[in-house]
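Undergrad: Given next are the chains, with one letter for each unit.
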Amino acid sequence: MVNNSEGSAGQAAYMNVPDRTVTVEEAYDDLARRSLSRISGDLARLIYLASTRDYNTGQYRHDGLAARFRAEIACNALELAHRQIFYRIAACSLEELVREVELYVSASQQGREEILRVWQKLEPYRVALPVNVNVALAQLFVSNIKLALAIVQGRQKQRAMGASAS
Amino acid sequence: MMEFASVIAGAVLLLLLTAALKGWLASRQLGPWPAASEEDTTEPCPEEFFTRVFTRADWEFVRGLKAGGVERLFERERKKVALAWVRQTAALIRKVISEHARAARQSENLEFSTEINIFAQFLMLMAVCGILSVAVQIAGPLWLGGLAHFAQTLSQRLTKLQESFQAGVPAQTGEAGSA
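In order, the protein sequence lines correspond to chains P and V.
The first sequence begins at 1 in the numbering used here and counts up one residue at a time.
The second sequence begins at 1 in the numbering used here and counts up one residue at a time.
In short, the hints are calculated from the structure, not lab data.
This one's a predicted model, so the numbers in the text were calculated from it and none came from an experiment.
Zero decoy hints are in this set.
Derived lysine-lysine pairs resembling DSS-like cross-links, with alpha carbons at most 30 Å apart:
1) K146(P) to K66(V)
2) K121(P) to K79(V)
3) K79(V) to K146(P)
4) K80(V) to K157(P)
Just chain V, same shape as in the assembly (with noise of 0.2 Å):
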């Protein structure tokens, strides 16, 4: 019964990190915009257009509609839109946390519980982009609001975290130098 638990939890966690590196690989992959640059790209969408694109309200326009060809152009192009904005989460997240590692490495006292818990999240949110990303090419975005707003919220508060971290870097580097 016990090894049965742990061919499950590992066969978890297999899946949890396959989703992680499939979030990871496709916030390589950004849009092909050339008006932003690198950093305004990674800047987040704001909330009220990417709920819009996990909802179903434009779709229940089209449907009303009843033409089949514009439906079929909708289910594309909001496809499209909802993987950008998965890639583009994962690419702030990426940014984030490459942001945490330098000012981690700057840091004299890191504590532990506060690494690990935001590695777990960075993890997570990774697994959550992942899921959305396989979740996005197979049903489509209309499903998948609960998801996307989970994923919104985990980044700003990983976001959060990292600022408040990187807010007090410089005033341990700052006190360090003055002892």
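Just chain P, with the same shape it has in the complex (with noise of 0.2 Å):
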């Protein structure tokens, strides 16, 4: 899990935490607008918030959001973020998803090999679903990244060819 913070302005604002009644929905946007917004691509946002989620209660943690709001309303915001992202996401035909992976890919500072290899290997977008998603879209959501990633790799594999070629 990934504890997030938004450096010295998050810490000083934890001190003031706001009386006033927030809503999740204010949450939210404030996270699209501080964090999501800084992100390109919804895979990479999908899987920022997948992190967030501690693997053993479920429960969505974001320092930054929780000084700013609280923390079961930050809870609550993230979870609504993933779900909805996971649902953009699951929406998306193959060739939107494979020009996702491909910016996911480009944009990592790791070798876009080693994270074709990786993800194929370990699949970890298995850990990117909400809880309590439907089982088939579940299994769509997975065997499209899984062909999407294959599709990504015959790609560079023709690159490397291409380029040893010429």
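Combine both chains into one complex, guided by the hints.
TA: As structure tokens, then:
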């Protein structure tokens, strides 16, 4: 699990948790504006949101968001965002998903080949499923990611072969 | 001539019962998904997602890539997803019918025609699930969009029928209690 904080501003705000009643929607907007908008691609956002979830408790944690709102509201906002982005990705066509995978792989600091190899071997995207998601939908998501990875890897090999031939 | 027609009718009935049995058996083998509980497992899949499994849009894209390995992987994966959907639909219907049986036991004025209608729809749906299950394994899901849509519609209709029945049961028992 990743403990998210947004630097000293987040730490300072932690001391002044607002009294007023805040809604999950407000926290969600804040999350979308401050964190999610800085991440390129829905797949990367999905992985990020899934990483804020504790493996043992299933609760989402984000220190910066909890400081501005409350831990419970932050948890609900993260869960909402996770579910929404998951549905968005699950609704993508295979072609769109391939573009998402390309974007994710290109934006990562690790080498493309390494990411593709690890993702195909360990299937870490399975952890990105929200809790209690429809079983057939979960299978469709996993299946489409598997296909998208195979397609991206195929293109990668073609590029490598083209480069070595020239 | 009459005997021949009876034999044909008997054979068709037997086939439908076999398909229904296959659907019922398929519903008992839900996928290895730890994320969902039993109740959530039997929530219907949103229509916009299940139609994607049975339509050709993604297949056209994959075919355009001209990569045999990916094509074979696509066929394998789509079969898996389609079978998961069929199993889930059958499981949902089994759940609906067992809820109905529970509610019917509490009801004081069952209507024979409604019960026959519900049971007939249940049998038909199980038969369709059985046929879908076999057909997906043989031919893949891309040709079966119409049948899958029919199963989805029938499943929604049966669920609504049961919901309206169940909504009537407490009222009936309440009336009986206050009388």
